[in-house]
Amino acid sequence: GENVEQHPSTLSVQEGDSAVIKCTYSDSASNYFPWYKQELGKGPQLIIDIRSNVGEKKDQRIAVTLNKTAKHFSLHITETQPEDSAVYFCAASMAFSTDSWGKLQFGAGTQVVVTP
Amino acid sequence: NAGVTQTPKFQVLKTGQSMTLQCAQDMNHEYMSWYRQDPGMGLRLIHYSVGAGITDQGEVPNGYNVSRSTTEDFPLRLLSAAPSQTSVYFCASSQLGTHEQYFGPGTRLTVT
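Protein chains in written order, with this note's numbering: chain A, 60 to 175; chain B, 845 to 956.
Hints are supplied without guarantee of correctness; some may be wrong.
Unchecked claim - In silico DSS-like links for lysine-lysine, alpha-carbon gap of 25 Å or less:
#1 B:Lys853 with A:Lys96
#2 A:Lys81 with A:Lys162
#3 A:Lys162 with A:Lys130
#4 A:Lys162 with A:Lys96
#5 A:Lys117 with A:Lys130
#6 A:Lys81 with B:Lys853
Stated by the list, open to error - Partner residues are not named here, just some residues of chain A that face chain B (Cβ under 8 Å, in silico):
#7 Lys101
#8 Gln104
#9 Asp108
FYI, nobody ran anything at the bench for these hints, they're computed from the structure.
The beta-carbon is built from N, C-alpha and C at its ideal position, and this holds for glycine as well.
Take the sequences, apply the hints, and build the full model.
As structure tokens, this is what we get:
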């Protein structure tokens with residue numbers, strides 16, 4: 060089955076700096092890669108996602124890049140703010156397979172701390 | 845729209861006890877799922893359902909039962925609680941054909 064590794068496990072950045080979180084996946088059939096943000100005491104919330112036919116996607120201060128050959132994808136947060144402090148999870152799935160639809164394989168998570 | 849709701853927020857059980865974690869959504873989503881979250885392990889899929897009357901196993905189904913009698917509700921039953929089931933449990937839902945999953949606020953379960 061799919062295995063997703065996420066690094067680093069913790070990331071401390073100064074406000075205004077950039078943060079990068081990297082994930083690798085094992086199954087080349089995976090074709091959907093979402094990123095979820097989990098604030099303290101809450102459930103995860105989707106912040107951005109990318110499909111395997113796209114190399115990069117941007118939404119304001121966040122961007123995701125995907126390298127299918129190397130089987131890795133990354134989350135980039137620019138101009139970090141204190142409200143970006145949270146746990147971020149990457150995930151992978153074979154979203155367009157009827158057997159695997161909705162089955163997300165999550166990474167272990169990255170605790171991001173933005174210090175003023 | 846309340847979204848996805850879960851009850852209770854916290855629960856302490858003794859080994860061998862049974863209980864049901866409740867999950868409900870008011871978005872008319874066909875797909876619902878249960879995950880458990882453990883430190884350093886991300887979220888792991890327990891069971892899922894693509895519609896009323898249809899359920900299937902995820903990655904870690906042992907010790908858990910589910911049923912889906914209505915579109916709105918997807919309860920998770922622990923038949924005989926074990927300390928290894930100490931975890932935070934999240935319910936999620938999404939619309940078939942889309943991929944964004946909406947998560948509930950979670951239930952923190954401790955089994956002693």
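Evaluation of the provided hints:
no. : hint                   : in the structure
1   : B:Lys853 with A:Lys96  : holds, 20 Å
2   : A:Lys81 with A:Lys162  : holds, 21 Å
3   : A:Lys162 with A:Lys130 : holds, 18 Å
4   : A:Lys162 with A:Lys96  : holds, 18 Å
5   : A:Lys117 with A:Lys130 : holds, 19 Å
6   : A:Lys81 with B:Lys853  : violated, 32 Å
7   : Lys101                 : holds, 6 Å
8   : Gln104                 : holds, 7 Å
9   : Asp108                 : holds, 7 Å
The structure shown violates just one earlier hint, number 6.
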